[in-house]
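S.K.: Take a look at the letters that make up each chain.
There are 2 protein chains.
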Amino acid sequence: MNLQSELKKRADAFNKYWLKYLQEGKPATLYDAARHLPLGGGKRLRPFLVMLSCESVFGDAEKTLPFGAALEIMHSFTLAHDDIMDKSNLRRNVPAVHIKFGEPAAILAGDFLFARSFEAMHDLSVDCQIFKQLNYDLIQCILDICEGQQLDMDFEQRKIITEEEYIDMITRKTAALFRLAAKGGAIIGGGNKNEVSALTDYARYLGLSFQIWDDYLDISSNEETLGKDIGNDIRNGKKTLIAVYSLQNATGENKQILDEVFGNSSASDDGVKRVFTLFKEMGSIDYAKKTAIEYNKKAKDTLKILKDSEAKEILKELADYSIKREK
Amino acid sequence: MNLQSELKKRADAFNKYWLKYLQEGKPATLYDAARHLPLGGGKRLRPFLVMLSCESVFGDAEKTLPFGAALEIMHSFTLAHDDIMDKSNLRRNVPAVHIKFGEPAAILAGDFLFARSFEAMHDLSVDCQIFKQLNYDLIQCILDICEGQQLDMDFEQRKIITEEEYIDMITRKTAALFRLAAKGGAIIGGGNKNEVSALTDYARYLGLSFQIWDDYLDISSNEETLGKDIGNDIRNGKKTLIAVYSLQNATGENKQILDEVFGNSSASDDGVKRVFTLFKEMGSIDYAKKTAIEYNKKAKDTLKILKDSEAKEILKELADYSIKREK
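Going down the list, the protein sequences come from chains A and B. Numbering follows the working numbering, with no gaps: position 133 of the first sequence is 116. Numbering follows the working numbering, with no gaps: position 268 of the second sequence is 251.
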């Protein structure tokens, strides 16, 4: 079994399906801005997770497509708005929505996608009570994401964040949508209570290891070039697990360097470089890597109660992929 | 029957009810920003319309409270985001959300309210299929509002807008939420198809006369002072019905003044004053007033098929209020 080909097979089916929610329309600025990110690529991990979760309880993955679309559209909405809030100019190597279409259109396009996401749910062929439950779960998920994003912004203004606070933040900001993907897929597939619960837990751990590995990759892939993004993250005081660990454990000279440079918008390139070296020497990068691997193990453990299936194997591979990928 | 006391009675009940969706919470910035506009006042016209529509088909208005809350929260969300897009600093005489809490928090607070609005719907005690229909209608309403807002922004960049285009824009941006208020109230109240349809039409006409009267008030209440807002609207090229009518019918010197001043961000105070005088002399202000009154008549006409009730009388008064109010 090859994860990439399994992913591609389902992403192709999904990409064909969700186009119906992303047609051109008028006013053109609104529709074009709303289509920009969804049609600009992406791995479709969330719909993939929905499908696999459904398959792992021996349900029909095709039935999940509207739900996968709702989540992927909701994900696009959060990206469009997050990029404005975080002043990010690039997304998946293309200009962010607000860079290409201006901020008003980007705000509005996000709102439009938000509504479209709920609209996609109406194409689900499920019992009305299940529709209602999934609708409620999606709402709670977005409230979580909003809280996570605000925490993320708040953290930039604070000196010390505990690891627990950091995990709580990414649980909301990143893992919440993963959780709902797995939960919804299992419910639509007719999974029993234990299966739904196990798959939901799996996805939470997967989301956490994914996000922490992302932080690790951002740093390690920039090791030689020390790219602009890392410099910005250090100057903005962005609280990744690596930063959280360093800030909590630094003493003496290390503490002094962090105090001077981390979160200092006018820090020099040399200062940024010293923080980066410090991250390595304090073992913070290794610590993040280790933590991601622990969540990966927990993710796979929760799958044990599921009956054996190809989907179960793919879910295990997906967990491993979350801590093996290099981009 | 006194409209203001009928309005106050229902607004008081509503204000007490919807507090449950607007509690304090953490992260505080997000919750405070989300509570800012809803708790900052407002006439509660939309919940009022929901209740009256329900009462006019002899339903129990208390049952509509979650739906009224959903619409009023959705209305708050649109105000929070619109003020960012339109660069408006004040709303109901208090600072706009983005002025008080910063733009990132205002974007996020809007998103949060959006989700809360859908959450409120879950407190409705209605059949699941009716829940699903109202949920779908709310989604379509927001898509309409987004399109209306984009059209409004697009119109500022265009020289000539037809009256039809203008009416289409405010039908989406303003009247859509009025329509849904009346439709939802009638459905929750158990109205028959004809009643639901008549009340929906009533609310569309009401929304149109309301918006046009707003444009008229903005101009006429500024007649003596020629306040900053009117100056801004003229300099931004804001397409009210008054402007649309003037731009379509101006010839000779009038056309020349409009070409020079209207939509010219650096127009002089004297230029603005000349445009204002031109609006009056061309009869554009009277035309807008007349149009609002026509919609008012249509609104009242659609009520004829309803059985007589106190609610029906209040709805008639509300229509008249839309073209009598002075602020």
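Quick caveat, the hints were computed from the structure, so don't treat them as lab data. These numbers were taken from a predicted model, which means no experiment stands behind them. Check before you lean on any hint, since a few could be wrong.
As the list makes no split between identical chains, a pair holds if one copy fits it or if it spans any two.
With a cut-off of at most 30 Å between alpha-carbon atoms, the simulated BS3-like pairs for lysine-lysine come out as follows [stated by the list, open to error]: (1) Lys3 with Lys256; (2) Lys(-1) with Lys273; (3) Lys221 with Lys46; (4) Lys9 with Lys281; (5) Lys295 with Lys(-8); (6) Lys238 with Lys299; (7) Lys307 with Lys287; (8) Lys287 with Lys142; (9) Lys83 with Lys115; (10) Lys9 with Lys221; (11) Lys142 with Lys272; (12) Lys142 with Lys83; (13) Lys(-9) with Lys142; (14) Lys9 with Lys142; (15) Lys272 with Lys256; (16) Lys115 with Lys(-1); (17) Lys115 with Lys176; (18) Lys273 with Lys26; (19) Lys115 with Lys256; (20) Lys70 with Lys221; (21) Lys9 with Lys70; (22) Lys83 with Lys70.
S.K.: Confirm or reject each hint.
M.R.: Structure-based check of each hint:
no., hint, result
1, Lys3 with Lys256, "neither (48 Å within a copy, 50 Å between copies)"
2, Lys(-1) with Lys273, "neither (38 Å within a copy, 51 Å between copies)"
3, Lys221 with Lys46, "neither (40 Å within a copy, 47 Å between copies)"
4, Lys9 with Lys281, "between (47 Å within a copy, 29 Å between copies)"
5, Lys295 with Lys(-8), "within (16 Å within a copy, 59 Å between copies)"
6, Lys238 with Lys299, "neither (40 Å within a copy, 71 Å between copies)"
7, Lys307 with Lys287, "within (21 Å within a copy, 70 Å between copies)"
8, Lys287 with Lys142, "neither (40 Å within a copy, 66 Å between copies)"
9, Lys83 with Lys115, "neither (37 Å within a copy, 36 Å between copies)"
10, Lys9 with Lys221, "between (39 Å within a copy, 20 Å between copies)"
11, Lys142 with Lys272, "within (23 Å within a copy, 58 Å between copies)"
12, Lys142 with Lys83, "between (34 Å within a copy, 24 Å between copies)"
13, Lys(-9) with Lys142, "neither (42 Å within a copy, 48 Å between copies)"
14, Lys9 with Lys142, "between (47 Å within a copy, 19 Å between copies)"
15, Lys272 with Lys256, "within (20 Å within a copy, 67 Å between copies)"
16, Lys115 with Lys(-1), "both (26 Å within a copy, 26 Å between copies)"
17, Lys115 with Lys176, "both (17 Å within a copy, 25 Å between copies)"
18, Lys273 with Lys26, "within (25 Å within a copy, 56 Å between copies)"
19, Lys115 with Lys256, "neither (52 Å within a copy, 55 Å between copies)"
20, Lys70 with Lys221, "both (13 Å within a copy, 29 Å between copies)"
21, Lys9 with Lys70, "both (28 Å within a copy, 24 Å between copies)"
22, Lys83 with Lys70, "both (13 Å within a copy, 19 Å between copies)"
Going down the numbered hints, you'll see the structure goes against 1, 2, 3, 6, 8, 9, 13, 19, while the others check out.
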